[in-house]
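Please put together the full structure from these sequences, using the hints given.
Chains as they are written, first to last, in this note's numbering: chain H, 1 to 112; chain R, 1 to 274; chain B, 1 to 227.
All the pointers check out, no bait thrown in.
A few chain R positions that, by computed beta-carbon distances, are all more than 10 angstroms from chain B: (1) D3; (2) D22; (3) R174; (4) A243.
Some, not all, of what chain R presents toward chain H, calculated at C-beta under 7 angstroms: (5) E30; (6) E37; (7) S38; (8) V45; (9) Y52; (10) V56.
It should be emphasised that the hints constitute simulated quantities derived from the structure, not laboratory data.
We treat Cβ as the ideally placed atom computed from N, Cα and C, and that holds for glycine.
Chain by chain, the residues run as shown.
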Amino acid sequence: MNQERRAQWLRGVLDLCVLALLSRGESYGYELSQALRTYGLGTVQGGTLYPVLLRLQRAGLLTAHWREGETGPARKYYRISPAGSAALHAAVIDWSAFTASVGAILSEEPKR
Amino acid sequence: MKDNAWLAALTGELRRHGVGPDLTGHVVAEAATHLAESGESPLRVFGPPEVYARAVADSLGGPDVRPPRRHPGPVRLAARGITKRYRGQTVLDRIDLTVRAGQIAAVVGANGAGKSTFLRICAGLLSPDAGTVQVHGALGYCPQDGGTAEFLDPDEHFVLIGAGRGLGRATARRAGRAGAAALDWTPPRTQARHLSGGTRQKLNLVLARLGEPDVLLLDEPYQGFDRGTYLDFWHEVWRWRDAGKAIVVVTHLLNQLDRVDIVLDLTASQERTA
Amino acid sequence: MTRILVVAESALRELLRRRTVLIILLLFPLAFYLSRRGDHLGQSIRFVCLGLGWALSTAALFAGSAARGMEPRLRLSGYRSMHLVLGRLLALWAVGALLCAPYFVLILVDQHDVRYGAIALIMVLTVAVAVPFGLLLSAVLPRELEGTLVLLTVVGLQMVMDPASTATRALPFWFSREIGTYAVDHTDSGYLTRGLTQGLVFAVALTLLVVAAAAVRLRQRRHLRIA
Numbered sequence: 001m002n003q004e005r006r007a008q009w010l011r012g013v014l015d016l017c018v019l020a021l022l023s024r025g026e027s028y029g030y031e032l033s034q035a036l037r038t039y040g041l042g043t044v045q046g047g048t049l050y051p052v053l054l055r056l057q058r059a060g061l062l063t064a065h066w067r068e069g070e071t072g073p074a075r076k077y078y079r080i081s082p083a084g085s086a087a088l089h090a091a092v093i094d095w096s097a098f099t100a101s102v103g104a105i106l107s108e109e110p111k112r
Numbered sequence: 001m002k003d004n005a006w007l008a009a010l011t012g013e014l015r016r017h018g019v020g021p022d023l024t025g026h027v028v029a030e031a032a033t034h035l036a037e038s039g040e041s042p043l044r045v046f047g048p049p050e051v052y053a054r055a056v057a058d059s060l061g062g063p064d065v066r067p068p069r070r071h072p073g074p075v076r077l078a079a080r081g082i083t084k085r086y087r088g089q090t091v092l093d094r095i096d097l098t099v100r101a102g103q104i105a106a107v108v109g110a111n112g113a114g115k116s117t118f119l120r121i122c123a124g125l126l127s128p129d130a131g132t133v134q135v136h137g138a139l140g141y142c143p144q145d146g147g148t149a150e151f152l153d154p155d156e157h158f159v160l161i162g163a164g165r166g167l168g169r170a171t172a173r174r175a176g177r178a179g180a181a182a183l184d185w186t187p188p189r190t191q192a193r194h195l196s197g198g199t200r201q202k203l204n205l206v207l208a209r210l211g212e213p214d215v216l217l218l219d220e221p222y223q224g225f226d227r228g229t230y231l232d233f234w235h236e237v238w239r240w241r242d243a244g245k246a247i248v249v250v251t252h253l254l255n256q257l258d259r260v261d262i263v264l265d266l267t268a269s270q271e272r273t274a
Numbered sequence: 001m002t003r004i005l006v007v008a009e010s011a012l013r014e015l016l017r018r019r020t021v022l023i024i025l026l027l028f029p030l031a032f033y034l035s036r037r038g039d040h041l042g043q044s045i046r047f048v049c050l051g052l053g054w055a056l057s058t059a060a061l062f063a064g065s066a067a068r069g070m071e072p073r074l075r076l077s078g079y080r081s082m083h084l085v086l087g088r089l090l091a092l093w094a095v096g097a098l099l100c101a102p103y104f105v106l107i108l109v110d111q112h113d114v115r116y117g118a119i120a121l122i123m124v125l126t127v128a129v130a131v132p133f134g135l136l137l138s139a140v141l142p143r144e145l146e147g148t149l150v151l152l153t154v155v156g157l158q159m160v161m162d163p164a165s166t167a168t169r170a171l172p173f174w175f176s177r178e179i180g181t182y183a184v185d186h187t188d189s190g191y192l193t194r195g196l197t198q199g200l201v202f203a204v205a206l207t208l209l210v211v212a213a214a215a216v217r218l219r220q221r222r223h224l225r226i227a
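What follows is the structure, given as structure tokens:
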């Protein structure tokens, strides 16, 4: 995929992806970046991811706390808040409508 | 280790960008964790420290921690009815300004509105046609340019100004170097004439602060500063305010005005008379 | 006292770092000396003394002008105008003494049958007069060029005017020629007394004027009250 275009698209939806991933259970930055990669979104660098997490936390959509891992350093775990769940729910509906519209335009057969 | 250097730089940059100490700790620790787990280079994951710090600051939607507003103390500077005419033109018309301990006053206005003139009158370097200035405590003044001796190096400046304030050599040098460090500057053993404009202004600013005067008059002291130093400068000003100093800053940059306590707009006064 | 010494030290550092100026300053009187070395030994002494006065007043003029930008700030930092003036005078007098020393040795070696004591006296008076003279010019005339032109005029007049005419006594370095005559031509001590008196009067008067000019320029303005 065109790298630049993907980055551009991602910018609009990264916060939704993060919210969605966290709606399945708490996680931390590095794990989230791995998960995004697994889903085929490529490498989302920390420089992009953490500011998004911070913004969502400041907006009250996420809560965060530090916890010592059994091995390795302490991690900052994020958990979705009720407000975050509500925001995600609303955004999922908007997103479906949006992609449907875009899809309709893009998939229409050209006229002969 | 390379990571540590990057993390240290990030800490400094976050501070410069107005991120408070607590959050800075979190952001840096989180980045350190990520680097430890991914084993990747910090430049690859986060980019240059200043870029990442700006992204963090932007995601906060403005500075995280504003300097706490304390109750202002006693009046340190009181200018009353300051009037100054130049060749029949009234530059300053009955200007009043009261600054208390723990307050910052910004003097703003267009070019030629008399900002520097007003400050020079407050410093007693110029006589007004009418009006009085009362200062309670010692006065520190940082001119827009000049104010340094071409052939002396920064340490010699510290000693010279320090002696006036009653500081011994070693004390003055230490105080000067500490003030310079706050602006992220290590004074070289170079004569002032060989310093760049911005660096000379740093020297100027440090000199104005030497001996901890109670009232600080700063005439656009940040000219030639890069963005980082400019932010450092405002952080220093806020720190001085919190230490109970009364500060008057001449500025034409309006984006800092929400962080000061008093705004004196001289453009208005001039238009009123015109 | 500490303040005066710190000002003097700083001023001295500044002066000593102007290498080119120092070299010119040092060689300038030598040119005067050598220009008259051929025709009349005594004349070369008179010229070198005038040259020293000229060089030193010029140095003082420039040092005074260079300090103008810094002085208001020093005044605000707790110095009195007296500290600043005395410190600078001290530094320049020291430079003057340093400047004269090699020329005195030169005369000692090169010239015979002259009154060395009187020549030393000329040099002391020259230093005492030239320094406040240059500083006063820098205090009165805002631009260095104007000051330099005045110096040029004064020293030029000093050289061409007949020292016997009373008008030349109003020139600051008149004593130099008067005592010079005493030293070289072994005239009566009247020359010495007249020269010494004029030199002392000028040295004291010029110094007082410099102090006064600084006190006025760096005065505490009436509108400002510092409690």
